[in-house]
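Sequences listed follow chains G and B, in order. For the first sequence, the numbering used here gives the first residue as 1, with consecutive numbering after it. For the second sequence, the numbering used here gives the first residue as 1001, with consecutive numbering after it.
There may be inaccurate statements among the hints.
Derived EDC-like pairs: lysine to aspartate or glutamate, alpha-carbon spacing no greater than 16 Å straight-line [unchecked claim]:
1. Lys1028(B) / Glu170(G)
2. Lys106(G) / Asp161(G)
3. Lys1068(B) / Glu55(G)
4. Lys117(G) / Asp58(G)
5. Lys1068(B) / Asp161(G)
6. Lys1014(B) / Asp161(G)
7. Lys117(G) / Asp174(G)
To give a feel for the contact side, a few chain B residues facing chain G, derived at Cβ under 7 Å [stated by the list, open to error]:
8. Ala1011
9. Ala1040
10. Phe1047
Honestly, the hints are just simulated from the structure, not real lab data. Glycine included, every Cβ here is placed at the ideal spot set by N, Cα and C.
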Amino acid sequence: MDIRYSGNRILVGDKYLTLLDQFVLDFIRVLEPKTPYVIVSGYVAILFGRSRGTEDIDILISRLAKDTFGELHTALSEGGYEFLNAEDADGLYDMLLNRMGIRIAKKGQFIPNIELKFLKDDIDRTVLRDRVEVNLPGVRVYISPIDIQIAYKMYLGSQKDIEDALYLWEIFKDDLNHEDVKKWMKTFGVRGDEYGIVV
Amino acid sequence: MNMELLFDREAHAKERLAFVRTYAAWVKRTPNAEWSRQQALLINSFFENARNMPLSPRDYLLAVAGRKKNSRQETSHTALESFDARSDPPH
């Protein structure tokens, strides 16, 4: 793997873009003009080669004004997307305000889909503030800081999540600041020792 | 759960983690064009199969909600205790 990792930027040259990558990039083209975003959870590991599929991509955004969300709703609807939740724009906005995710897919499909959420706590705000720019051939996406992802996945604790955490650790352990990983593990109340994530 | 099943589950989990380490090591020593080509074969086939899922959006959302509920019940109590002041897990 040829990656260049420097602070809040990762360069991944010559990556073949999968249909899942294309789906994410298409969605971001509509989302990004409306608001900054950050991709979190499983897709982060998949982006760097983890050998698994996923049915949803989790994206966090700041709390939008109702009018701005209305514009996003219109742009997505006109861009060939539909909302899987049986709500109109007002109902979807209320769901977001109530800390729920709303699911968005290409019209006529529901896998894969985007689960879009407003930031809801200080950790989410840090994830967006410190998001990492990933440069792929011809495009860029913003993802959660890797150290936070590793600790967060450990915290979620399912076998799949622990495998994602271990995978990110194995790929990035030589690039990460181990003190930062340790700090986030402490924040989430998790330990990685038994899985070989030793900081 | 009987001990034999528990052992099988733990052995399977360890085997999976060993595979993740081995696979990550392979990705690290393999050019981007190659590991990503092989990954794309897997992900693109998953993507194509998903188009044939005979579910309505409502049934799909119900299935997702059920899986999330089960997943939360399996999450370690140790991890949850550190967040008992929260109403939701982060993200």
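Hints versus structure:
1. Taking the CA atoms of Lys1028(B) and Glu170(G), the gap is about 9 Å. The hint holds against a cut of 16 Å.
2. Using a Cα cut-off of 16 Å, the hinted pair Lys106(G) and Asp161(G) is violated, with the two alpha carbons roughly 26 Å apart.
3. A distance of roughly 13 Å separates the Cα atoms of Lys1068(B) and Glu55(G); the hinted pair therefore holds under the 16 Å criterion.
4. A C-alpha spacing of about 8 Å is found between Lys117(G) and Asp58(G), which places the hinted pair at or below 16 Å, so the restraint holds.
5. For the given pair, Lys1068(B) sits about 13 Å from Asp161(G) by alpha-carbon distance, which is consistent with the 16 Å threshold.
6. Taken as a hint, the Lys1014(B) and Asp161(G) pair is honoured in the structure, with Cα atoms around 14 Å apart against an allowance of 16 Å.
7. Distance check on the hinted pair: Lys117(G) and Asp174(G) sit about 32 Å apart at the alpha-carbon level, beyond 16 Å; violated.
8. With a least beta-carbon distance of about 13 Å to chain G, the hint placing Ala1011(B) at the interface is violated under the 7 Å criterion.
9. For Ala1040(B), the shortest C-beta to C-beta distance to chain G is roughly 4 Å, which falls under 7 Å, so the interface hint holds.
10. Among the interface hints, the one on Phe1047(B) holds; its C-beta lies about 4 Å from the nearest C-beta in chain G, closer than the 7 Å criterion.
Comparing the model with each earlier hint shows violations of hints 2, 7 and 8; every other hint is respected.
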